[in-house]
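Colleague: In case you want the letters, here they are:
There are 2 protein chains.
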Amino acid sequence: MNQTQHLPDFAAVRAAADRIESHAVRTSLAASNTLDELAGGCVIIKPECLQRTGSFKFRGAWNCISQLDRAGCPGGVVAYSSGNHAQGVAAAAQLRGMPAAIVMPSDTPQIKKDNTRRLGAEIVEYDRGSQARDRIAAELAQDREAAMVPPFEHRHIIAGQGTATVEFLEDVKTQGVQLDQLIVPAGGGGLIAGASLAVEELSSQTKVFSAEPAGFDDHARSLAAGARVSNAGATGSICDALLSPEPGQMTFAINAARLSGGLVVSDDEVRDAMRFAFAHLKLVVEPGGCVALAAVLAGKIDCRGKSTGIILSGGNVDPSLFGQVLAAG
Amino acid sequence: MNQTQHLPDFAAVRAAADRIESHAVRTSLAASNTLDELAGGCVIIKPECLQRTGSFKFRGAWNCISQLDRAGCPGGVVAYSSGNHAQGVAAAAQLRGMPAAIVMPSDTPQIKKDNTRRLGAEIVEYDRGSQARDRIAAELAQDREAAMVPPFEHRHIIAGQGTATVEFLEDVKTQGVQLDQLIVPAGGGGLIAGASLAVEELSSQTKVFSAEPAGFDDHARSLAAGARVSNAGATGSICDALLSPEPGQMTFAINAARLSGGLVVSDDEVRDAMRFAFAHLKLVVEPGGCVALAAVLAGKIDCRGKSTGIILSGGNVDPSLFGQVLAAG
Chain A
57 MNQTQHLPDF AAVRAAADRI ESHAVRTSLA ASNTLDELAG GCVIIKPECL QRTGSFKFRG
117 AWNCISQLDR AGCPGGVVAY SSGNHAQGVA AAAQLRGMPA AIVMPSDTPQ IKKDNTRRLG
177 AEIVEYDRGS QARDRIAAEL AQDREAAMVP PFEHRHIIAG QGTATVEFLE DVKTQGVQLD
237 QLIVPAGGGG LIAGASLAVE ELSSQTKVFS AEPAGFDDHA RSLAAGARVS NAGATGSICD
297 ALLSPEPGQM TFAINAARLS GGLVVSDDEV RDAMRFAFAH LKLVVEPGGC VALAAVLAGK
357 IDCRGKSTGI ILSGGNVDPS LFGQVLAAG
Chain B
57 MNQTQHLPDF AAVRAAADRI ESHAVRTSLA ASNTLDELAG GCVIIKPECL QRTGSFKFRG
117 AWNCISQLDR AGCPGGVVAY SSGNHAQGVA AAAQLRGMPA AIVMPSDTPQ IKKDNTRRLG
177 AEIVEYDRGS QARDRIAAEL AQDREAAMVP PFEHRHIIAG QGTATVEFLE DVKTQGVQLD
237 QLIVPAGGGG LIAGASLAVE ELSSQTKVFS AEPAGFDDHA RSLAAGARVS NAGATGSICD
297 ALLSPEPGQM TFAINAARLS GGLVVSDDEV RDAMRFAFAH LKLVVEPGGC VALAAVLAGK
357 IDCRGKSTGI ILSGGNVDPS LFGQVLAAG
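In order, the protein sequences belong to chains A and B. With the first letter of the first sequence counted as 1, position 88 gets the number 144 in our numbering; the numbers rise by one all the way through. With the first letter of the second sequence counted as 1, position 62 gets the number 118 in our numbering; the numbers rise by one all the way through.
What the hints contain is simulated information worked out from the structure, not anything from laboratory work. Take these hints with a grain of salt, some might be off.
Copies of one chain are not kept apart here, so a pair can be met inside one copy or by any two copies together.
[Claimed, not checked] Derived EDC-like pairs: lysine to aspartate or glutamate, alpha-carbon spacing no greater than 20 Å straight-line:
hint : residue 1 : residue 2
1    : K169      : D65
2    : K263      : D92
3    : K169      : E201
4    : K169      : E93
5    : K263      : E226
6    : K229      : E257
7    : K169      : D190
Chain A on its own, in the form it takes in the complex (with noise of 0.2 Å):
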């Protein structure tokens, strides 16, 4: 995707903000006296996790799938995800009354499958070793005259992502709060670009930093780098959402000169923040949702006398991993 010269800006955030709200959930606020301790500072969270379809995704997507003409895609869209996104696409597609067709890997977990089949979406199945899941997403598109949703490089998808922190910002403020920091899960990047955009019109004072599992470090290297770098591996966390390769090109494009810097935790960490997110604030959180929430409670930023926002990005997790993590604690 190089459109890099077609950068979503403010305004763009604004308006996806005004089309999703009577589709999308907006999410309230949480908080925890128990989290306020430990952190020595006032610590409000944004639980994207019980938006529709289980995370942010949707956000992006329904911007995204609202605006396309259907004439110019009769063939409905066509998306490549394992997880958030499948679901996201497939639900503002069935919104729309347009057929989707989603490339998932064949290894991919039942109940994903099961869930973004459930929202009326076909799921057409490739060979994770031997295959190249936007090659074939890309020829399934052409085939069908269908509009290819992706995952983060996109316009229409990072301004819809933003409206997760406008929402954030103009909802601490009704509670008298300025925010002096705000730490976002970074995947491809898609989530945090749209907040940078919302921070620097809405609440300018605010840090922004990328929170990632350890291995999955892109946004943190790349930002210290001041160039994108790769991870060196393709698995190996347990946070599933967020095994990107590298930042996006678009994403990186706005993130870079507008981020404070990445924080970085362990799987162990982010269990940690699961089972903190069970017992504290009876939400279901995924590993690659709770990686603020783990920079948080395992000290990576100074939160002392400070006011400290966090989002959860997701809750799909599969309930035997979700089991064994609080099994483990």
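Take the given structure of chain A and dock chain B to it, following the hints.
Modeller: Just chain B now, with coordinates in the frame of chain A:
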């Protein structure tokens, strides 16, 4: 508590709502397309597991404790509870800077003792087999010149619990919905007594049903009999929050004339509902908190073409039990 002459009315519930407004969480309504499809109608959820201390119990505790005259109870407050009421009372007392002593059976799970202590309360243990907790608590209150905060037989407690339904009815109205029926978990009956007062005033066409676990269906049977009847056993359901031996005298005086009937669910239906809340709502709900959802999912009430409200009353569940429930799915 022979105080039926002092039953609360709706004005008491409204006053409680004003009193708790800046201290309790106004829990946002939740919904699920999957749930709507399964029920064949519109189901709207009030997730009180997201309330301060993880259950609705903070509402009544704060409404009661915030009205105490310090001079009349220099020793603070005393309550008996092994679970949610303990945490609600501890949190409310802590907010007022008053000492709290909670009488708990010595075999209470460690996590509930820890949570209660973290809220600044003292725990007074007793032997469940040989001692009567209400007498221990009453003696303790007298010795310490402390105020007793009963779990449901008190007008301030009932009025406080009613605030959950005031919010529920106000917020569905904002959505343009009128509830045809509302299903509320019942233990001692405080939450549903408050709910029925709120419904009578704000949404008189809404039918209110209690939900209970099998073997502890004292409300269902009492409503059918027109008089309070007791349960045969004292243990034997995973719904630990709903094991009261019989409806309260005050609460039943309110409920008998206002409820449309009682729904009864098995523990297995409760487990199904807990797994549904995990997978589709991303909420941690304790067994007793899930009985209304279980009643809908198990088809214990006709929801087809109707608008049904359900309260998820709490989320304080041990990780080991929660893991077992997930693993059995």
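Colleague: Name the hints, by number, that the structure is in violation of.
Modeller: Result: hints 1, 3 break, sorted rising.
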